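Each chain, written out:
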Amino acid sequence: MDVTTSFATQDLWTWWLAIYLYFGGLGAATLTTTFLTDMYMKPHKELVLWGAWSGILMLSIGSSMLFIHLLDHMAVIHVLNPLVLIKQPNAWIAWGTQFIVWMMVWGFLYSLPYMLESPFFNRIPFLKNILSWSLVRSIGATCGRHCRLCGWLATINGIGTVVYTGLLLQSFPAVALWHNPGVPLLFTVSAFSTAMAFLLLILNLAIKKREEDRPLRVFYERTDLMLIAAELVILFSFFFYLQRGNQSAAISAQLLWNDWGWLIGFIGFGLVVPFLLELKGVIKGWHTPVPIMLASVLVLVGGYLLRHYFMYAGVYAHPW
Amino acid sequence: MTRYAMVIDLNTCVGCNACMAACAMENQTPVWKNKWRTYVHDKEIGSGEDIHRRFFPRLCNHCSNPPCMSVCPTGATYQMENGIVRVDEATCMGCGACAMACPYDARFEVTYADVRQGREFFGAETYLRTRPSMDKCNFCAERVLQGKKPACVETCVGSARQFGDLDDPMDPVTRMVTSGTARPLMAHLGTKPNVYYIDDLKRRG
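So the protein sequences, as listed, match chains U and W. Quick note on numbering: the numbering used here labels position 264 of the first sequence as 264, and the sequence is numbered without any gaps. Quick note on numbering: the numbering used here labels position 84 of the second sequence as 404, and the sequence is numbered without any gaps.
Because the hints were derived from the structure by calculation, they are not lab data. Being a predicted model, the structure only gives us computed values, none of them experimental. Certain hints may be false.
Stated by the list, open to error - Among the chain W residues that face chain U by a calculated CB cut under 10 Å, a handful are:
(1) G366
(2) G368
(3) S390
(4) A396
(5) C422
(6) D425
(7) E440
(8) F441
(9) F442
(10) M454
To be verified - Pairwise CB distance ranges (calculated):
(11) K363(W) <-> M74(U): 36 to 44 Å
(12) R244(U) <-> D487(W): 38 to 46 Å
(13) M74(U) <-> A461(W): 57 to 65 Å
(14) E440(W) <-> P119(U): 56 to 64 Å
(15) I264(U) <-> V477(W): 51 to 59 Å
(16) A141(U) <-> G510(W): 23 to 31 Å
(17) D519(W) <-> L80(U): 45 to 53 Å
A virtual CB, placed ideally from N, CA and C, is assigned to each residue, including glycine.
Excised from the complex, chain U in its bound form:
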């Protein structure tokens, strides 16, 4: 017992920051996965449009959570300027902001040729007029000719965004739960796992080209299964890392592993149950897509719970 030390959690970055990290990771991983699928596995117009626009929407929601909570909204202009990276190369929010902005720009450009062909987008009032402008058609044609370049620029920024969500927490040295190299790894694996789950829902609910997309769904299921397994291994390592050593870490472990929301909600229903459902799907298959869709929903909820509990369980040790 050290009577000169007290322990405290923070109340500054709470659920809204968890939403920022969640949608940042999910949106970026969704966009990255759809573009890589389209470029190297199977050209898929609907998947790209769904992936790009849901990714951009999720990133916008996530970014707006951070923006709303800023004290001075006008000062955000300083971090939108790309030159900020020269001034503040160690600040992950500066990197993250640039990754998010440029990923949305390149994501939009990659999907633009598909948008120009899409009957859906050409029916939307006002937007259909914009899409008919010769300048927009010319940009679309250029992007179509250089789609790999646009795709890779979006992918690089997407992976940057995904990793950034973990690096941001890792940059706070006083909290043992956050300040370790496992956090970016865990958040990256979780982001891609939730992206696979989201795309499985899109393929099963929105696109519905059942037979044609079957190999893609199987690939996403198998990848998600491996990612969930990796996530469980990382969490297992976290459990033992937190148990011994730093007192801040030990208290974080108590907060997490004594909480039913973390244990049952996240690890149980967010990881173990979907792992078993997808494992059965991979080994023996399901007669209906419902179990895989259920697993996907659970993975998506679990992805948020991970970030939510991580934010609340960070413990500061104060020497007073």
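Chain U is already provided as a structure; the job is to place chain W on it using the hints.
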């Protein structure tokens, strides 16, 4: 070169909170929501009849390797050549990353509502702040540039706070630091803090 530092003697701090009041008036901090640039923690240590009441003044440690500065996305947190870590209100967007990174709980929010309240509380003619930011102690940088001591040091009735230049080997603060009498908080984090404490519990046996 100058490297400003502070030594706080926990043996002589009587918990009068004059430092908090002086700092609040000097720096116009939002005291109405109990936010201070320096705060004195009051803790009882011991058991039975052997209780020691410890007063622990806390403030920004003006680290030589400040994590609040490295995580600041706009560069609003910066370090002067004399080691004082400051915040540029005009550039700070108030994301709070500095507060998350600080191991010493030295950062707090000043919102637009606080700026309005500040004008009423301190008087529109004298209130200097115009924008919100993540606020913190700046060792009373303007006073120090004029050759004065920080307000909290000036007002300390028990002389518990001493301010000096670590680059001056004859400075009493430097002597207490180099002899190990005064020690930094949580040095293992690598922040290289420049506020040092003289322990009170060792002398009690």
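To see whether the hints hold, each was checked on the structure:
1. Interface hint at G366(W): satisfied, since its Cβ lies 8 Å from the closest Cβ of chain U, which is below the 10 Å cut-off.
2. Among the interface hints, the one on G368(W) is violated; its C-beta lies about 14 Å from the nearest C-beta in chain U, farther than the 10 Å criterion.
3. The interface hint given for S390(W) is met, as the beta carbon of that residue sits about 4 Å from the closest beta carbon of chain U, less than 10 Å.
4. Restraint check, A396(W) versus chain U: the minimum CB separation of about 8 Å is within 10 Å; hint holds.
5. The restraint placing C422(W) at the interface with chain U holds, with a minimum CB-CB distance near 7 Å, inside the 10 Å limit.
6. With its C-beta approaching chain U no nearer than about 6 Å, D425(W) sits inside the 10 Å limit, and its interface hint holds.
7. Interface restraint check for E440(W): the shortest CB-CB distance to chain U comes to about 19 Å, outside 10 Å, so the restraint is violated.
8. For F441(W), the interface hint is violated, the least distance from its beta-carbon to any beta-carbon of chain U being 19 Å, above 10 Å.
9. With a cut of 10 Å, the hint placing F442(W) at the interface with chain U is violated, because the nearest CB-to-CB distance is about 19 Å.
10. Hint on M454(W) holds. Least Cβ distance to chain U is approximately 7 Å, under the 10 Å limit.
11. For the pair K363(W) and M74(U), the supplied restraint of 36 to 44 Å holds, since their beta-carbon distance comes to about 41 Å.
12. Hint check: R244(U) to D487(W), Cβ distance near 41 Å, so the stated range 38 to 46 Å holds.
13. Remark: the range hint 57 to 65 Å for M74(U) to A461(W) is contradicted by a beta-carbon distance near 25 Å.
14. Roughly 60 Å separates the CB atoms of E440(W) and P119(U), a value that falls within the hinted 56 to 64 Å.
15. Roughly 55 Å separates the CB atoms of I264(U) and V477(W), a value that falls within the hinted 51 to 59 Å.
16. At roughly 53 Å, the beta-carbon separation of A141(U) and G510(W) lies outside the given 23 to 31 Å, and the hint is violated.
17. In this structure the supplied range 45 to 53 Å holds for D519(W) paired with L80(U), their Cβ-Cβ distance being about 47 Å.
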